[in-house]
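Using the hints provided, position chain B relative to the given structure of chain A.
Protein chains: 2
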Amino acid sequence: MITIDKSGCKPFANEQQINSYMDKALKGFDTLESGSGAGNDFIGWNHLPSTITKEVMDEYKDVVSRWQAMNIDTVVVIGIGGSYLGAKAAISALGHNFTAKLSNKGMHILFAGSNMSEDYLAELTDVIEDRNTACVVISKSGTTTEPAVAFRIVKQYIEQKYGMEESAERIVAVTDRNRGALKSLATAQGYTTFVIEDNIGGRYSVLTPVGLLAIALAGYDIDAMVRGAQEAEKVCSERSESNPSIQYAALRNMLYDAGYKTEILVNYNPRLLYVSEWWKQLFGESEGKDGKGIFPASVTNTTDLHSMGQYIQEGERTLFETVLHVASCRREMLIPFDKDNLDNLNYLAGRRVEECNEAAMNATIIAHIDGGVPQIKVEIPSMDEFNLGWLFYFFEKACGISGYVLGVNPFNQPGVEAYKKNMFALLGKPGYEELAAELKKRL
Amino acid sequence: MITIDKSGCKPFANEQQINSYMDKALKGFDTLESGSGAGNDFIGWNHLPSTITKEVMDEYKDVVSRWQAMNIDTVVVIGIGGSYLGAKAAISALGHNFTAKLSNKGMHILFAGSNMSEDYLAELTDVIEDRNTACVVISKSGTTTEPAVAFRIVKQYIEQKYGMEESAERIVAVTDRNRGALKSLATAQGYTTFVIEDNIGGRYSVLTPVGLLAIALAGYDIDAMVRGAQEAEKVCSERSESNPSIQYAALRNMLYDAGYKTEILVNYNPRLLYVSEWWKQLFGESEGKDGKGIFPASVTNTTDLHSMGQYIQEGERTLFETVLHVASCRREMLIPFDKDNLDNLNYLAGRRVEECNEAAMNATIIAHIDGGVPQIKVEIPSMDEFNLGWLFYFFEKACGISGYVLGVNPFNQPGVEAYKKNMFALLGKPGYEELAAELKKRL
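Going down the list, the protein sequences come from chains A and B. At position 270 of the first sequence the residue is numbered 270 (the numbering used here), and the sequence of numbers has no breaks. At position 22 of the second sequence the residue is numbered 22 (the numbering used here), and the sequence of numbers has no breaks.
Bound-form chain A, shown alone (with noise of 0.2 Å):
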């Protein structure tokens, strides 16, 4: 179970302001608990752990099982946003440092379809052209221009080398359930496709298909990882001053209002990059609106430490840090004993690195409240598929409370639309040429 130490806010807020804002929070918790607020066609993910079945679960390994009897053993997953943020964050957390070393017997998943760089993909087709590979596709319209250009690549790619009809056989959509460009290519190639549903927006799909297919075939246990979203769903459905989402929520937003209007995602395991990305999504997303929103960024340490650590200690003092504190970690490595001791590291000799690490963060918070940086702590007992589940969806809980406090819709995001409008227009694509005239005097 993930639990909240607020102890670091203390220092910066009393008793009372502390419970003002658990207060707001509950009732943020009932306005999303009853369906009554702003986006409320968007809470499909709410209660969405429970009712995951085995049936869907096999679904998933079905696709797995498939594919491994095809000795495939690279996977091309195209997405963008909420579509490749989620998997991406579960498959760096669970997996190894170094990508030329896989800690698990799941196939090599590659992303594309998440950015427009030219090398990139020049690049993807130099890895992929001498390995036995395989595609999934998620995209809600088929037509978001990012995935859309990606999957033309990919697709040309596996239908050229392995023929259409096999082709079929390789490739998975992850699509609307009835419309849309994709839904009507993979009905007409007959691709084996799985539903995104309509209340469910991509920042909160982590445990749908858009996220479970990919990390299945990654390797890892989404039966555990679910599990976890189950036990959090709990956890978190309870109203009550011990619920960790509501805690969460309540302590951001009495910091915001204070003036504290940056949150830093802290962590102290580079596996964790992705996780702080996802979350910058989550929250950036849903809250940064309205002219409002805490801006949410992100540190790694103990590299960061020795980057940005001085800002965050003595810098503009509009800064509090959010710390996941991951309890135990996987592997087993001492500090070995050196006889000279020239670096005098003797006092650790034998010690574990881990606990270094973890010294060093009970070091950095202690220093950061006195440096004036209110920390809240999330504690995570380990960083596997089960605990995943968990962080996921309190998150998201969180999210979306802490949305309804600051007053926004937090399952809305209308100020994406703005620069794919211009970019259509500088692109020529019919429709926008009246754009196209005005933005080209601009530039």
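Any given hint could turn out to be false.
No distinction is drawn between identical chains; accordingly, a pair holds when it is met within one copy or between any pair of copies.
Said to hold, decoys possible - Each computed DSS-like pair below joins lysine-lysine, with the alpha-carbon atoms no more than 30 Å apart:
1. K420 / K339
2. K27 / K10
3. K105 / K54
4. K61 / K105
5. K429 / K6
Rather than coming from a laboratory, the hints here were simulated on the basis of the structure. Note that the structure is a prediction, hence the values are computed from the model and not measured.
Frame of chain A, contents of chain B only:
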């Protein structure tokens, strides 16, 4: 030559405001060039490129040749902060997007000592166990905890595998000229040694052996990189309003004083992720002190348009962006024609992917200006060694100037000691007993 496009600031500032900050930046430039400012014992980097000799470059190449002759395929580079980020940034920016396949004929560089994750170090040993391994250890003192711990482990591994005598040929130290634990060890063991000069701080050290040796081992052309830096030194040392380092220092301080407290460095190429991390250290550590300084953040687009894009478009209006525009890519990949055109992308068929990437960039700049986010654009002809050397020097120069405009010492980092003292105390290091007792009460 790298240039600055300030047109995206003009909707937010009039000519007079811009000119007044140009004057301030010219004064900052004078302070730096005259060596009369705070921290003036750490400006050895300022006119470094023009003093780099063929002899020094040959010493790096000698290590490369020697290790090539030994068929070394993997080099563990141990360092943290400025002893890590420069080489990491360069090797990522110049390399292949997928580590599965290298784009060059150099050695495979693995970084260590930049964190204290036990899993990371254990997994490092998984990778090197079947490789022909050498090590570059970079530390001025030799006692910084992270690199010292990693070096104990890697040194022991190399000594056990190859024997003491051969180990001396497989380890190179980059350290202080005269003093310190690593210098003593290197002398005792007979390691090849390169010097970290006293007047160059870590974050300004990429063009010294700290950065160049690892970049050369990775197979990149350090002569071209140094030529780029030399060109930049010439251009950026002119006392002129057309000097891009003066322009960038002026614009960012103008925006900061106008309430834009967070600067987001934006790239459109995933290979530049660690250039952003290097930049964050450079500016964050130089300016984040005395309760002030721009908060440095970064995004990699178009990926992050689908995560941070909503916040940037419509969140708190305290952001500005600095866009790294790399004008050309290396590879060619065209968007295929599709006879069914279900995704409606045929209007792009036959065009280059990078053309879409560029359109996305221009579209986003306009959308963000319209949303209230000032834009600075850094125009970079291509991402090769020459231009990367140019970029490194340009940012260093701009940072020194910018820090003086802000009114801080851009060359110290007093805030990084706070957590270290706490950590030594918590780890039971001799001499920290009193602090340890105090901290244990607080935990």
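Do the hints match the structure? See the list:
1. K420 / K339: between (63 Å within a copy, 25 Å between copies)
2. K27 / K10: Cα proximity of K27 and K10: one copy only (22 Å, versus 44 Å across).
3. K105 / K54: Within one copy, since 23 Å is at most 30 Å while 49 Å is not.
4. K61 / K105: This pair counts as within: shortest intra-copy Cα distance 14 Å, inter-copy 40 Å.
5. K429 / K6: between (51 Å within a copy, 29 Å between copies)
Of the hints listed earlier, there is not a single one the structure fails to meet.
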